[in-house]
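Numbering that gives the first Met the number 0 applies: residue 0 is where the sequence shown begins, and numbers increase by one.
Derived DEER-like restraints, expressed as beta-carbon distance ranges:
hint	residue 1	residue 2	range
1	Gly420	Gly570	56 to 62 Å
2	Arg200	Leu443	45 to 51 Å
3	Lys662	Pro390	16 to 22 Å
4	Ala544	Arg600	26 to 32 Å
BS3-like cross-link-like pairs, simulated, lysine-lysine; straight-line CA separation at most 30 Å:
hint	residue 1	residue 2
5	Lys393	Lys352
6	Lys662	Lys640
7	Lys654	Lys349
8	Lys654	Lys345
9	Lys654	Lys640
10	Lys662	Lys393
11	Lys405	Lys640
12	Lys134	Lys147
13	Lys222	Lys134
14	Lys348	Lys662
15	Lys405	Lys618
16	Lys654	Lys348
17	Lys181	Lys168
18	Lys222	Lys147
19	Lys618	Lys662
20	Lys393	Lys405
By construction, these hints were calculated from the structure, which means they are not laboratory data. These numbers come from a predicted model, not from an experiment. C-beta: ideal position from N, C-alpha, C; glycine also.
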Amino acid sequence: MAPRTLKIQGAREHNLQGIDLEIPRDSLVTFCGVSGSGKSSLVFDTIFQEGQRRFLESLSAYARQFLGNLRRPDVERIEGLSPTVAIDQRTSQGSRRSTVGTLTGIHDLFRLLFARLGEPHCLECGAPIQALPPKWITERLLEEAARKAEGREKPPLLLVLAPLVRGRKGEFRSLLEGLRMKGFVRARVDGEIRRLDEEIRLERYKIHHIQAVVDRLRPAPDKASRLAEAVEGALSLSEGWVQALWEDGTEETLSSRAACPEGHGSLPELEPPLFSFNSPQGACPACQGLGEVLVFTEESLVRHPERSLLEGALACTTRFGSLGCRGLRPEDFRVVARRYGFDLEKPWKKLTKAQRRLILEGARGEERELGRPFQGVVAWLERCLRRGKNPSLKGLRARLPCPACKGDRLRPEALAVTFRGHTIARISAFTVEEAREFFRNLDLRGKEAQVGRDLFREIRSRLDFLSAVGVSYLALDRRADSLSSGEGQRLRIAAQLGSGLRGVTYVLDEPSIGLHPRDQERLVRSLLDLRDRGNTVLVVEHDEATMRASDHLVEIGPGPGREGGRITAQGTARDVARTKGSPTGAFLSGKERIAPPKTRRTGRGPVLRVLGPRLHNLKGMTVEIPLGRFVCVTGVSGSGKSSLVLETLVPALRKTLHGAREKAGPHDGIEG
Numbered sequence: 000m001a002p003r004t005l006k007i008q009g010a011r012e013h014n015l016q017g018i019d020l021e022i023p024r025d026s027l028v029t030f031c032g033v034s035g036s037g038k039s040s041l042v043f044d045t046i047f048q049e050g051q052r053r054f055l056e057s058l059s060a061y062a063r064q065f066l067g068n069l070r071r072p073d074v075e076r077i078e079g080l081s082p083t084v085a086i087d088q089r090t091s092q093g094s095r096r097s098t099v100g101t102l103t104g105i106h107d108l109f110r111l112l113f114a115r116l117g118e119p120h121c122l123e124c125g126a127p128i129q130a131l132p133p134k135w136i137t138e139r140l141l142e143e144a145a146r147k148a149e150g151r152e153k154p155p156l157l158l159v160l161a162p163l164v165r166g167r168k169g170e171f172r173s174l175l176e177g178l179r180m181k182g183f184v185r186a187r188v189d190g191e192i193r194r195l196d197e198e199i200r201l202e203r204y205k206i207h208h209i210q211a212v213v214d215r216l217r218p219a220p221d222k223a224s225r226l227a228e229a230v231e232g233a234l235s236l237s238e239g240w241v242q243a244l245w246e247d248g249t250e251e252t253l254s255s256r257a258a259c260p261e262g263h264g265s266l267p268e269l270e271p272p273l274f275s276f277n278s279p280q281g282a283c284p285a286c287q288g289l290g291e292v293l294v295f296t297e298e299s300l301v302r303h304p305e306r307s308l309l310e311g312a313l314a315c316t317t318r319f320g321s322l323g324c325r326g327l328r329p330e331d332f333r334v335v336a337r338r339y340g341f342d343l344e345k346p347w348k349k350l351t352k353a354q355r356r357l358i359l360e361g362a363r364g365e366e367r368e369l370g371r372p373f374q375g376v377v378a379w380l381e382r383c384l385r386r387g388k389n390p391s392l393k394g395l396r397a398r399l400p401c402p403a404c405k406g407d408r409l410r411p412e413a414l415a416v417t418f419r420g421h422t423i424a425r426i427s428a429f430t431v432e433e434a435r436e437f438f439r440n441l442d443l444r445g446k447e448a449q450v451g452r453d454l455f456r457e458i459r460s461r462l463d464f465l466s467a468v469g470v471s472y473l474a475l476d477r478r479a480d481s482l483s484s485g486e487g488q489r490l491r492i493a494a495q496l497g498s499g500l501r502g503v504t505y506v507l508d509e510p511s512i513g514l515h516p517r518d519q520e521r522l523v524r525s526l527l528d529l530r531d532r533g534n535t536v537l538v539v540e541h542d543e544a545t546m547r548a549s550d551h552l553v554e555i556g557p558g559p560g561r562e563g564g565r566i567t568a569q570g571t572a573r574d575v576a577r578t579k580g581s582p583t584g585a586f587l588s589g590k591e592r593i594a595p596p597k598t599r600r601t602g603r604g605p606v607l608r609v610l611g612p613r614l615h616n617l618k619g620m621t622v623e624i625p626l627g628r629f630v631c632v633t634g635v636s637g638s639g640k641s642s643l644v645l646e647t648l649v650p651a652l653r654k655t656l657h658g659a660r661e662k663a664g665p666h667d668g669i670e671g
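Given the sequences, and given the hints that come with them, work out the whole structure.
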């Protein structure tokens with residue numbers, strides 16, 4: 000029988016003074032106290048650390064050599080400790096590739112949905128893609144052979160291939176040996192035709208592509224039956240797919256599963272990796288799945304528009320007009336200025352738009368005095384970067400939406416698949432609440448009900464968890480590195496709710512931080528839900544609502560540092576409120592209050608105006624901030640506070656006052 004309590008004896012980590020504590024398991028326990036009193040030292044550096052250390056010790060010696068060893072915390076004994084999971088606050092949630100959807104696993108469910116129930120469309124004409132009968136494929140290859148044979152004595156050589164491995168890692172020894180045993184003589188391995196009776200060694204951790212060579216022939220009407228047999232054999236071997244590799248190197252993939260009725264070809268097989276921007280099979284080739292590209296723009300290059308080009312208007316030029324890398328000289332700019340009739344002594348902001356574009360993007364025709372075309376500043380900077388001559392130039396580039404995928408991150412084949420008229424990028428752009436509404440109102444039809452019933456149930460469940468922790472306003476494609484620490488922590492709470500784990504000790508660090516009181520109640524319900532699933536939930540918190548909802552409250556204090564590290568009160572919130580000498584109890588009982596100031600500062604009079612901010616959900620309003628006063632920007636979670644202050648106002652002021660390269664959110668201007 001599992002113990003009912005968690006016992007800690009002699010905890011002395013950091014400023015803890017030999018704490019002995021017994022708290023109930025499978026309960027919501029809140030640790031409170033003044034800042035620096037030792038709450039995190041007990042919860043994270045003692046309880047969580049010991050839980051992690053015991054887990055690592057349970058692994059094999061081989062596994063531990065890769066994970067390292069954790070230091071044993073300064074504690075005499077801990078009994079009744081179950082496996083620990085920390086849901087702490089981290090501002091950074093990983094790389095730029097991580098989104099709300101990938102962090103919570105919802106994007107994986109979307110990928111599975113589109114792979115099972117997606118409706119593919121032709122990339123060229125947009126028509127729904129249909130399965131092609133083998134006879135149609137054979138006729139198409141004969142027509143293509145006749146076209147390629149025009150003006151030649153004989154038809155071109157064709158290799159009929161059966162694609163077996165597409166972008167997967169492994170050695171594939173058994174696959175290649177199996178092909179040889181079936182009578183196949185050749186295979187195309189990573190683009191090279193290899194004989195199967197030779198030794199073929201593939202690197203285990205590299206991505207490979209393998210196609211079996213079903214037949215080699217020169218298609219003609221008298222060989223139609225042989226071609227048809229080869230096509231049917233390839234379709235059978237590769238479960239509905241055949242590749243045609245022509246003598247001139249061109250190749251085409253056709254399918255008996257799905258192809259354009261107008262003859263524009265087919266799409267790859269609909270598999271989950273095709274819909275992942277973190278997979279080579281699904282990522283946009285132009286931006287590698289990031290949805291944005293780094294380019295030199297006028298806004299990123301012009302540092303001092305009041306100066307002329309020769310005086311250093313551009314961040315990449317010196318005050319003598321030379322670029323930060325070899326190639327363009329002041330004389331080159333003078334030649335172009337004479338040719339097109341403008342004055343290089345003019346301030347940059349007084350040059351016409353065409354003249355500025357000419358300097359940055361260059362001229363098409365050759366300049367006689369230069370003896371070469373004038374390529375422009377941007378082309379020379381890109382050339383310098385490619386050659387690695389001046390890495391500092393990287394900081395002068397701006398991030399813009401990828402022109403190929405328009406910021407959707409995926410390759411065209413993935414974006415050509417829809418579900419109920421929406422691409423996976425469009426559904427991923429929904430907020431949590433919009434996605435809940437979309438999937439809640441779905442009327443499942445035929446195949447959808449048979450194939451996707453459990454999948455839809457899991458998607459709705461995950462979205463409900465996100466709404467329950469107070470992040471229903473977040474878009475599912477919102478980049479993780481743009482989230483606040485509190486939002487990131489609440490996402491991890493939702494992920495744990497969706498995992499269904501039981502018998503775990505969860506430790507959390509101030510999950511209510513940044514939450515509006517309206518959203519606090521839902522967060523508390525989520526913590527209680529974690530508890531009701533058979534878990535112990537330990538929370539370091541200052542929020543009164545969380546304290547009162549807890550099954551057990553532990554106060555550490557009474558002061559910070561050396562004055563803390565002791566248990567000053569514990570029990571229910573009511574017990575702590577009645578404890579004499581408890582700082583937290585005094586506030587819970589109402590004996591102490593934070594009194595508002597009797598007088599307010601009048602400030603200096605002027606105001607700072609932010610005109611038309613439009614980042615994220617901001618609606619282009621005008622915001623006036625009085626100068627010389629203590630100003631609080633408040634509102635419910637997701638209302639746009641951080642978008643206004645941290646992502647629009649602060650970068651704009653840094654750029655104006657200090658010449659910083661930060662990009663502020665879209666707005667019309669700053670006054671005052």
